[in-house]
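With the hints as constraints, model all of the structure from the sequences given.
Chains as they are written, first to last, in the numbering used here: chain A, 85 to 474; chain B, 4 to 515.
A couple of the hints might just be wrong.
[Stated by the list, open to error] Cross-link-like lysine-lysine pairs, in silico, DSBU-like; alpha carbons within 35 angstroms at most:
| # | chain 1 | residue 1 | chain 2 | residue 2 |
| --- | --- | --- | --- | --- |
| 1 | B | 229 | B | 28 |
| 2 | B | 248 | B | 261 |
| 3 | A | 368 | B | 275 |
| 4 | B | 143 | A | 97 |
Treat the hints as calculated values from the structure; they're not laboratory data.
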Amino acid sequence: MSFFSELSKLLKKNIRDYGMFIALFIIMSVFSLLTDGVFISPRNISNLINATGYIAVLAVGMTLVIVIRHIDLSVGFLAGFLGAVAAILLTSYGLPVVAVIPVILMMGAVVGFFNGVLVARLGIPAFVVSLAGMMIFRGALLQATSKTGTIIVPNPAFNAIGNGFIPDFELVDGLHTVTLLVGLLGILFYIYSEIKSRRKKQHYEFEVIPVSIFYAKLLFVSALIGYITWTLASYNGLSWTVVVMLIVTGIYHFMTKNTVLGRHIYAVGGNPEAAALSGIDVKKITYFVFSSMSMLAALSGILYTSRLQSATTTAGTLFELDAIAAAYVGGVSAAGGVGKVTGSIIGALVMASLTSGMNLMGVGISYQYMIRGAILIIAVVFDVLTRNKK
Amino acid sequence: MDGLSNQIDYILEMRNITKEFPGVKALDQVNFSVKRGEIHCLVGENGAGKSTLMKVLSGVYPFGEYSGDIVLNGEVQKYQGIQESEKAGIAIIYQELALVPEMTVYENIYLGHEIKKKNTIDWNETVVRSSEMLKKVRLKITPETKVKELGVGKRQLVEIAKAFSKDVKLLILDEPTAALNDDDSKNLLMLLKELKSEGITSIMISHKLKEVIEIADTVTVLRDGKTICSLDAHEGEVTERVLIKNMVGRAIDDIFPKRNKKEFGDKILQVKDWSAYDHTAGKDILKDVNIYARRGEVVGIAGLMGAGRTELAYSIFGNPKGYKIEGSVLVGGDNKRFHHPSDAIKAGIAYVTEDRKGEGLILIQDVKKNISLANLRTLADKGVINDNEEINVATRYKDSLTIKTPSIEQLVNNLSGGNQQKVSLGKWLFTQPKILILDEPTRGIDVGAKFEIYTIINKLVEEGMCIIMISSELPEILGMSDRIYVMAEGRITGELPVEKASQDEIMEMATV
Chain A
85 MSFFSELSKL LKKNIRDYGM FIALFIIMSV FSLLTDGVFI SPRNISNLIN
135 ATGYIAVLAV GMTLVIVIRH IDLSVGFLAG FLGAVAAILL TSYGLPVVAV
185 IPVILMMGAV VGFFNGVLVA RLGIPAFVVS LAGMMIFRGA LLQATSKTGT
235 IIVPNPAFNA IGNGFIPDFE LVDGLHTVTL LVGLLGILFY IYSEIKSRRK
285 KQHYEFEVIP VSIFYAKLLF VSALIGYITW TLASYNGLSW TVVVMLIVTG
335 IYHFMTKNTV LGRHIYAVGG NPEAAALSGI DVKKITYFVF SSMSMLAALS
385 GILYTSRLQS ATTTAGTLFE LDAIAAAYVG GVSAAGGVGK VTGSIIGALV
435 MASLTSGMNL MGVGISYQYM IRGAILIIAV VFDVLTRNKK
Chain B
4 MDGLSNQIDY ILEMRNITKE FPGVKALDQV NFSVKRGEIH CLVGENGAGK
54 STLMKVLSGV YPFGEYSGDI VLNGEVQKYQ GIQESEKAGI AIIYQELALV
104 PEMTVYENIY LGHEIKKKNT IDWNETVVRS SEMLKKVRLK ITPETKVKEL
154 GVGKRQLVEI AKAFSKDVKL LILDEPTAAL NDDDSKNLLM LLKELKSEGI
204 TSIMISHKLK EVIEIADTVT VLRDGKTICS LDAHEGEVTE RVLIKNMVGR
254 AIDDIFPKRN KKEFGDKILQ VKDWSAYDHT AGKDILKDVN IYARRGEVVG
304 IAGLMGAGRT ELAYSIFGNP KGYKIEGSVL VGGDNKRFHH PSDAIKAGIA
354 YVTEDRKGEG LILIQDVKKN ISLANLRTLA DKGVINDNEE INVATRYKDS
404 LTIKTPSIEQ LVNNLSGGNQ QKVSLGKWLF TQPKILILDE PTRGIDVGAK
454 FEIYTIINKL VEEGMCIIMI SSELPEILGM SDRIYVMAEG RITGELPVEK
504 ASQDEIMEMA TV
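Spelled out as structure tokens, the structure:
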């Protein structure tokens with residue numbers, strides 16, 4: 085079989101896994117053409133990725149919530165509220181950044197645990213619990229910012245999280261060498277792990293993709309990482325936001341793929357009855373997933389406050405819906421049990437690219453919402469259709 | 004009726020009905036004829052094809068999915084769905100009632116075929132006509148009563164009233180008395196007789212042979228998807244014994260592999276004075292159950308559907324359904340209290356559920372992940388799963404249980420029923436159980452796979468495992484067990500060593 089017929093066969097078979105990447109690729113190409121390359125310029129790409137940070141971490145948490153067949157609407161205003169609390173702790177109480185961040189994250193985790201108890205122990209639908217949470221945290225945000233209105237955070241260390249870039253040796257002019265180094269390491273690590281996993285599959289005589297396709301895939305992904313790194317390096321380099329995103333994604337990716345906890349989460353999502361009968365404590369899993377979600381909401385709040393260098397009265401508005409949309413676009417199944425955190429990150433990037441591209445083209449905000457809504461529906465229709473095929 | 008047909012006036016004739024599912028012939032050339040104005044009872048073991056036959060009749064399996072003819076009032080019918088059979092005057096009342104509890108009786112009776120006046124619902128007319136329907140079924144309640152306030156017996160009557168509102172010509176009742184107490188049952192049977200005198204034809208599926216004999220004009224027996232006989236109840240030949248003979252009359256031949264050795268060890272599992280109450284159903288589901296099982300022994304638990312066998316398994320296996328339980332469970336002589344299935348698993352109990360797809364397996368995951376799920380921790384170091392170890396385990400069970408799958412990374416959803424059952428078995432064997440509870444282990448799987456599963460069972464008990472096998476198939480119970488408990492209505496109604504057990508005897512104990 086020729087390379088291309090193999091490729092198309094493979095794409096058809098794994099359309100669910102590759103669909104998002106293809107969509108992202110198409111969207112980016114189209115916008116690059118329509119904006120005469122402005123979209124793909126280092127500055128825009130850097131901004132786009134940095135602006136995705138606070139939604140992306142929410143999307144990671146939301147992935148697990150949707151996987152276990154629940155939803156969390158409270159995360160937007162929780163992020164806004166905890167961002168404001170962080171601002172107050174930094175300004176009014178003068179606490180150092182290293183103390184504020186863990187405190188805020190813990191507060192998030194506690195809120196999430198409480199949500200989880202209401203959902204799993206008392207059996208209240210997550211939609212209702214989190215809707216109530218949404219209202220409560222919206223009020224709490226207004227209360228927290230009631231005295232001063234917007235709280236300006238004049239803390240450079242804190243603000244660097246959302247605006248700063250990793251340091252550089254400044255060896256080459258106009259290129260961020262540390263970023264390039266990180267990218268190179270990333271590529272090497274990727275190639276190493278792919279080859280290792282392929283060897284293992286061959287050892288156990290599992291089905292592997294043809295060798296030509298395998299090399300093409302290695303080349304393509306390496307080129308992609310390389311290109312993105314190059315683009316970022318020729319601007320300001322890797323931002324701290326991206327570093328946070330990468331760490332969060334890395335941890336969650338590992339957790340879902342390689343740990344007992346991750347496997348149990350997907351088992352609960354795939355079939356709660358079977359999971360319970362297999363000795364899994366469905367309640368504990370639910371507590372954990374909601375706690376992790378709200379902790380990531382706290383992180384999202386920190387990223388957002390830091391990015392704006394202030395806590396505003398409307399911070400967090402509609403974050404939850406952007407995160408849910410990102411998860412669905414990223415291939416998380418509405419029926420539960422299926423979805424990858426990496427997919428949701430791609431989903432967040434797809435949605436951010438749409439916004440960025442349409443902004444560059446001067447598309448009115450009214451049309452932007454409609455188009456994003458349409459994309460969300462298309463993504464879910466795609467999910468349902470490809471699921472039934474099997 | 005045209006003059007060419009027989010003189011007997013048949014309202015319904017089902018001729019040479021054959022219905023196949025992948026790998027199973029559920030109905031094989033079934034003939035079933037119902038005379039106008041009679042009460043016709045349809046009996047047979049679980050899985051004999053009664054429900055399938057009724058689903059063919061009502062159009063759940065539309066025309067084209069079966070072969071043979073359905074002739075109603077002399078005309079061949081080709082139903083595409085339930086709506087069409089209902090229009091023709093066929094109404095089926097199922098065991099699980101299809102009423103909306105929060106609605107009133109009159110709303111329920113006309114639900115789906117509301118009486119309209121200028122496109123809005125005419126509630127006055129609805130109430131008036133509902134009253135008439137209720138009178139027809141001798142139910143003395145006002146139509147404004149909410150269904151949730153009624154007991155099961157009265158709900159049953161509301162269902163029948165609903166059937167009348169659709170101008171029913173042929174009333175089919177699927178085990179109508181299964182959930183009723185004696186008084187309600189008597190009431191219902193009385194009503195059927197009165198309806199007969201008014202010219203209504205009924206078909207009743209029932210496991211309760213006493214009431215079948217009491218009420219039937221004709222009894223048709225199905226077995227293994229074939230019509231065995233159709234008996235005229237007025238000719239005096241129809242007794243329980245005759246019916247049971249016809250229902251079970253199969254020889255146990257080479258379907259069951261021989262076991263090489265039979266050595267029973269100590270009583271590894273003892274269940275004492277075990278009672279359970281189900282809050283959601285609002286009734287006692289188990290009463291004073293006392294059983295034990297030994298190492299190296301296959302204990303069969305026989306009984307009809309709804310006898311409480313699956314509930315017994317659940318209540319022992321960590322009680323995931325949250326029944327209120329009294330009594331004690333002893334494993335290896337130690338009193339155990341299980342709060343969650345995980346406790347039961349730790350104590351060495353495994354439970355292969357009856358509902359493989361709904362409660363046993365995670366269909367959207369692969370063979371490997373399903374097999375490792377219940378004992379994942381032993382494959383992990385500090386919470387991180389050892390991939391290689393997991394692959395080895397899955398491969399081991401794939402080979403030893405001969406699971407036919409292209410790869411252990413195949414989704415379980417894509418496997419056949421028999422292979423899914425083997426995955427389920429593999430998953431539980433990997434927990435290294437001392438006691439293995441199998442609930443309908445061969446339901447819905449073909450003969451070849453059945454034999455393989457029986458072979459596995461034999462091998463396990465020879466190695467000293469204790470197996471408790473719940474099954475509705477009597478030959479399977481007799482062919483595989485060493486000792487048999489029979490259950491009915493939440494109680495143990497009999498205990499028999501296999502040498503002394505016969506299908507007739509079990510059937511009698513199960514239908515008390």
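Pair hint outcome, residue 229 (chain B) versus residue 28 (chain B) [Cα-Cα no greater than 35 angstroms]: 10 angstroms, holds
Under the criterion that the straight-line Cα-Cα distance not exceed 35 angstroms, is the pair residue 368 (chain A), residue 275 (chain B) satisfied? With Cα atoms ~31 angstroms apart, residue 368 (chain A) and residue 275 (chain B) stay inside 35 angstroms; holds.
Run the distance test for residue 248 (chain B) versus residue 261 (chain B): straight-line Cα separation, threshold 35 angstroms. 26 angstroms, holds
CA of residue 143 (chain B) to CA of residue 97 (chain A), is that 35 angstroms or under? 62 angstroms, violated
Violated hints amount to a single one, hint 4; each of the other numbered hints is respected by the structure.
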